[in-house]
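Undergrad: Chain by chain, the residues:
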Amino acid sequence: MTASIIQNIFNALQWGSFYSLIALGYTLVYGVLLLINFAHGDIFMVGAYISFFVATFLLGGYAFGPPFGLPGWMVLGLTIPLTMILTSVVGVTLERVAYRPLRRKGANRLYVVITALMCGIILENGNLAILGASRKSYPELVDKVVYTFGSITVTNLKIGVILSSILVFAILQFIITKTKIGMAMRAISYDKFAVPLMGIPIDTIIVFTFVLGSSLAGFAGILFALSYPVLDPFMGALIGWKAFIAAVVGGIGDIRGAFLGGFLLGFVEIGVVAFFPSTYRDLIAFTILLIILCIKPTGLFGVAKTTKV
Amino acid sequence: MKKNSVPILLTALLALLTGLAYFEIIDLYIQSVIMFIGINIILASSLNIVNGYMGEFSCGHAAFMAVGAYTASIINVALFTNDKVFGPAVLSSELALYCFPFVLIISGLVAAVAGLMIAIPSFKTRGDYLAIITIAANFIVTSTIINISSIGGARGFMGMKKIVFAMEDVVDLPWMLVWVCLSTFTCIWIIRRFVSSTYGKGIIAINNDEIAAEMMGVNTNRMKLVAFMLSSGLAGVAGALFAHILGYINPGSFGILKSTECLVMVYLGGMGSLSGSVIAAIVFTLLIEGLRFIIPAIDSGLHMIAVLPDSYHLSQVWKWVIIPLVLVLLMQFKPEGIMGNRELSDIFPRLKKFYKFK
Numbered sequence: 001m002t003a004s005i006i007q008n009i010f011n012a013l014q015w016g017s018f019y020s021l022i023a024l025g026y027t028l029v030y031g032v033l034l035l036i037n038f039a040h041g042d043i044f045m046v047g048a049y050i051s052f053f054v055a056t057f058l059l060g061g062y063a064f065g066p067p068f069g070l071p072g073w074m075v076l077g078l079t080i081p082l083t084m085i086l087t088s089v090v091g092v093t094l095e096r097v098a099y100r101p102l103r104r105k106g107a108n109r110l111y112v113v114i115t116a117l118m119c120g121i122i123l124e125n126g127n128l129a130i131l132g133a134s135r136k137s138y139p140e141l142v143d144k145v146v147y148t149f150g151s152i153t154v155t156n157l158k159i160g161v162i163l164s165s166i167l168v169f170a171i172l173q174f175i176i177t178k179t180k181i182g183m184a185m186r187a188i189s190y191d192k193f194a195v196p197l198m199g200i201p202i203d204t205i206i207v208f209t210f211v212l213g214s215s216l217a218g219f220a221g222i223l224f225a226l227s228y229p230v231l232d233p234f235m236g237a238l239i240g241w242k243a244f245i246a247a248v249v250g251g252i253g254d255i256r257g258a259f260l261g262g263f264l265l266g267f268v269e270i271g272v273v274a275f276f277p278s279t280y281r282d283l284i285a286f287t288i289l290l291i292i293l294c295i296k297p298t299g300l301f302g303v304a305k306t307t308k309v
Numbered sequence: 001m002k003k004n005s006v007p008i009l010l011t012a013l014l015a016l017l018t019g020l021a022y023f024e025i026i027d028l029y030i031q032s033v034i035m036f037i038g039i040n041i042i043l044a045s046s047l048n049i050v051n052g053y054m055g056e057f058s059c060g061h062a063a064f065m066a067v068g069a070y071t072a073s074i075i076n077v078a079l080f081t082n083d084k085v086f087g088p089a090v091l092s093s094e095l096a097l098y099c100f101p102f103v104l105i106i107s108g109l110v111a112a113v114a115g116l117m118i119a120i121p122s123f124k125t126r127g128d129y130l131a132i133i134t135i136a137a138n139f140i141v142t143s144t145i146i147n148i149s150s151i152g153g154a155r156g157f158m159g160m161k162k163i164v165f166a167m168e169d170v171v172d173l174p175w176m177l178v179w180v181c182l183s184t185f186t187c188i189w190i191i192r193r194f195v196s197s198t199y200g201k202g203i204i205a206i207n208n209d210e211i212a213a214e215m216m217g218v219n220t221n222r223m224k225l226v227a228f229m230l231s232s233g234l235a236g237v238a239g240a241l242f243a244h245i246l247g248y249i250n251p252g253s254f255g256i257l258k259s260t261e262c263l264v265m266v267y268l269g270g271m272g273s274l275s276g277s278v279i280a281a282i283v284f285t286l287l288i289e290g291l292r293f294i295i296p297a298i299d300s301g302l303h304m305i306a307v308l309p310d311s312y313h314l315s316q317v318w319k320w321v322i323i324p325l326v327l328v329l330l331m332q333f334k335p336e337g338i339m340g341n342r343e344l345s346d347i348f349p350r351l352k353k354f355y356k357f358k
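So the protein sequences, as listed, match chains A and B.
Residue 86 in my numbering is what sits at position 86 of the first sequence, and the numbering runs on without skipping anything.
Residue 269 in my numbering is what sits at position 269 of the second sequence, and the numbering runs on without skipping anything.
Calculated directly from the structure, the hints in this document are not laboratory data.
Some hints could be false.
[Unchecked claim] In silico SDA-like pairs for lysine to any residue, Cα to Cα no more than 20 angstroms straight-line:
id: 1; chain 1: A; residue 1: K105; chain 2: B; residue 2: F333
id: 2; chain 1: A; residue 1: K296; chain 2: B; residue 2: R126
id: 3; chain 1: B; residue 1: K124; chain 2: A; residue 2: K105
id: 4; chain 1: B; residue 1: K352; chain 2: B; residue 2: R126
id: 5; chain 1: B; residue 1: K2; chain 2: B; residue 2: N221
id: 6; chain 1: A; residue 1: K296; chain 2: B; residue 2: N221
[Stated by the list, open to error] Among the chain A residues that face chain B by a calculated CB cut under 7 angstroms, a handful are:
id: 7; residue: L102
id: 8; residue: R103
id: 9; residue: A107
id: 10; residue: L110
id: 11; residue: I121
id: 12; residue: G126
id: 13; residue: I159
id: 14; residue: I162
id: 15; residue: S164
id: 16; residue: I291
id: 17; residue: I292
id: 18; residue: C294
id: 19; residue: I295
Each residue gets a CB set at the ideal place from its N, CA and C atoms; glycine is no exception.
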């Protein structure tokens, strides 16, 4: 009994890590721009695909690749930074091409949201149209090691996923609270009009935010692809929506909230699957989240804004 | 004349379409395109109440469509046909024709009750938090349907074609076309009456400033309740029609993608513009159906000038790349949608001479 509980806790932590990493991207962009970047789930998918191509390239899977096959750990070490850079290029491109012109024109915020939604659909279906419907199977980069404690089995991957997501969160927390650029990000979310007056380049900060968010999504893509090595173009859609819900339940705009919200969603989902048939997972998980939002409408960490009259 | 021009025009349109379909001048495909245009008009204009006039961001409109679709299908199949799950027919299948409007109304009412799921949280919650509640509501509705195996679960539900055939046995007319047209006209009329009435202007007041509206004596909670229930009820009617046109529904067709389509039509037309929603629904449906023919043409064209390799063919998937791309470009050049928040008579003031539509 306790063994299965601990086993489930590990599963929940693993799924929670995926959700948190994506939710962090949502919450970063939202905090700075008040924009729900609905394309973020699909940037996660793009990240997974980029890491697939990078890893296959480095393993010598293509004719124009390096002539020697690198060992798996070195491939992984190179894939992670390359994927994060390339994914953030995608995210920043979206910002430059689609969101920034609209922002400059002073369009209604909801039109930017719709544009983001459209960009997500373009990414999904463009991928499907170009690469075809066949699913890609991800190469195995790290040898699976199974640790057994009594009746509990944990793979090294699962531990790696959980630890690295916590590490990433710690780095992000450091950037946001301790560095100058993080201070500028917080300042923008506090007062968007006073910030340019203080000589802070607002566009640079926004681009930096998209770089952070997208590279986190790319990192989540690698971790997800390593754990569930089958890629398909619509893998990001549902996870993205769920991560967004997690970010809102945590209190959108606050990175601690997004992180904890992701883990909360992971625990709720795994908990539901442990007791009910797995088709009830979405139903019960979303109902619980809805109830949380009804009781605490601004999320767990969100601060209710007082409206001045 | 000025007062009656719109009803006369619409009656003529209805008679024309029915006649063309009856004498088979327009084939079944064109008929179904016309019916989908009608359904999309209902969906877009009903979502416009919440997203346009009230300024909230509801992105789970397909959920109410699903509720309406399943309610109408279950009522009709259970009452008028011999079904494995619901047993033999309760009423004679000839009555299906006369009961159909009532079934539509009932499914609208049930969907309106489902709309309470969003309306009640909306008292306290606003903006993005409400958006998330609507998304969650959409997931909840579809996964509830998946988990009820007696109505087919994820496999879907069928048997509505029998109802349509039964209606055509009684009086030989293209009944679905008639019902879709009548419901579309009624829906637009209801919305127009509602938002231009003194009572309905409270919704626009909420959009402009909720606190000020409350101070001026608008019962904001009740207005929100009415707006959400009206919007979801009309979506339910659209869903009921949708189910009977296709004859088969499954929870997958009422997912987030369908909600996204509704959102796109509202913002394409312009927030708070009824004629914008109608135009956007027509343009959007024609774009989707038109690309069905344009894409193979582009494909063969590109192969002729040898841009594409022989092994690769442009498939219909490109439709869902092109449509969002068109919309993104449109947003860049006309960020307020086709009509902004104006109506047709605001853009062409001379039209006011010819019709009055309240």
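Undergrad: What are the numbers of the hints the structure violates, in ascending order?
TA: The structure breaks hints 3, 4, 5, 8, 13, 14, 15, 16, 17, 19; every other hint is satisfied.
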